[in-house]
Amino acid sequence: MNKPESQDLDDERPPIFKSWNQVYAFVLVLHAIIITLFYLFTQAYS
Amino acid sequence: MTTIDWIVMGGTLSFIVAFGVWKTRNVDNVRSYLMGDKDLPWWTIGLSIMATQASAITFLSTPGQAYQDGMRFAQFYFGLPVAMVILAVFVLPIYYKLNVYTAYEYLESRFDLRTRTFTAILFLIQRGLAAGLTIYAPAIILSSILEWPLTYTVFLIGLLVIIYTVAGGTKAVSVTQKQQMIVILSGMFIAAIILVNQFPEGLRFSDAVGVAGKMGKLNVVDFTFDLDNRYTFWSGMLGGTFLFLSYFGTDQSQVQRYLSGKSLTESRLGLLFNGIFKVPMQFLVLFVGVLVFIFFQFQRPPVHFNSANLQKIEGTAYEDDLVQLEQQHTAIFDERQGVIQDMVGAIRQDDEAAISAAQTQIAELDAQDDAIRSEVKDLILTVDPASKTEDTDYVFITFVINYLPVGLVGLLLAVIFSAAMSSTSSELNALATTTVIDLYRRSLSKDKSDGHYLRASRWFTIMWGVVALIFALTANLFENLIQAVNIIGSLFYGAILGIFLVAFFLKQVGSRAVFLAALIGESIILIIFYLTSQGIIELAYLWLNLIGCALVMVLAYILYLLGMDKPKPGASEA
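Those protein sequences? They're chains A and B, same order as listed.
Read in order, the letters of the first sequence are residues 5 to 50 in my numbering.
Read in order, the letters of the second sequence are residues 441 to 1014 in my numbering.
Not one of these hints is a red herring.
Only some residues are given here: those of chain B computed to face chain A with a beta carbon under 8 angstroms:
id: 1; residue: 514
id: 2; residue: 521
id: 3; residue: 525
id: 4; residue: 529
id: 5; residue: 650
id: 6; residue: 658
id: 7; residue: 659
id: 8; residue: 660
id: 9; residue: 661
id: 10; residue: 715
id: 11; residue: 716
id: 12; residue: 719
id: 13; residue: 720
None of these hints come from the bench; they were simulated from the model.
No residue lacks a Cβ here, since even glycine has one placed at the ideal position from N, Cα and C.
With the hints as extra help, turn the sequences into a complete structure.
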């Protein structure tokens, strides 16, 4: 059995964003916003 | 169940299986079978990762948990997006660079063959037993609700999964998981809409949510730092990140999902897709549980949600006692109705004093009702001491079976079966891949043809499927087997994670140090477990995960400092 073909690791630019760091920041900031909304939801109905 | 429900459920499940087999009919080499041709786009990877993690128990237990305990369980997943980012940055490029089939292959290039084999065997023991539990846990609930023998539900889940997983391998798993996730998410959305539509006339949605909030069910975020409290923001962010790093980074059933991506970019986006959508999905599932809670504020819930348990009492000397308890339960419910209407009025007028008074009254009535429910459980145990009286897992399925319109009952049951099948297929696929790649091809039967390894992969998938079925069929014979599986997992999972963390982050530590550390660490874990089982020390077995991981890392580093060995040349480049 052969090993899988060599992967092209040339890191393409991610879609929409200019760099991967921006993508990671987007995911983490979005997560922070979601938690904030959850917190406001909790406070509003407690 | 009506004929239409049978058609919807049978049609949905048959379509998914047939589609999976048909779509992967051309899989004729081992790379396609185990890596899915590495042609999957990011959104298929993302859905596949989510489907693998979300088992049937997720959709049976989680709404019940919200019904009982509110939405705080959502915090358990708060560390997941952070873990996805860490894996996308540090771990994924390593796996891609080395072109590995399994996570454990990486350990050979980083350390040596024995470390790879040792870790692969630990994974096989742990995941092999868990696969049986993934079938057994929903099968026992569905058999109870549908009044089918357990054998039927076990075989329905197990055989369907084996058919398409054996036929199409990794690609079949990913293709079917896409369909399964669509069914699951559609089903949960529709259930939420139906629930809202079944609220009493005149009750606004905001009133209903307000009532749930005043009864403490909308406690999504809790910032208090309390080690005894299982679900807080801090336990989710700290413990959750650690847990999800180990699960998504070292468990082959997940690693295999994102390694089948078209490129590093697609795999990264797949992981991040999971990071973005997992928490909102859990919120939705929990919110469905809250909606079920609201529904049962206006519709009398059964005194015990597992109807099979209540049937055990019928025809016995305790039947009259049960009838009496049910009457008391109904009387409390009727009294509670008036108080809830008062609370709705108070919420509309923003009258804090009246809200507080209603809360106090409801708490008193709930305490009385809890006492009645406990008495019912005692009756069940008197009739059959082997009964399991915890009925939280039966809350959502009771609503589905009794209150959803014709057709949707079949769809929601298809959701539960789909969730069970999606997790099990990933597990069988990962078990077969690890067996072939890390043991059979590497150490037992080298340099055979591609066709040989393809056939071996299919046979190992069947073998693990049979193991899972046997385990699922016999699990009910052993009272503590489920707990035993969890304990076995905790015995090994810490060591596995410790080995990987040394590999990733302690680049100077070599193979002899990590292998010896893993052996010593695992031995200490087994000794601690023995002392715990003898009552000499007291320790919850979940802590063994953390202790095992820490022991391997600390011992490996100490052994390195003592000059045990040096890492393989080039290992730091991995």
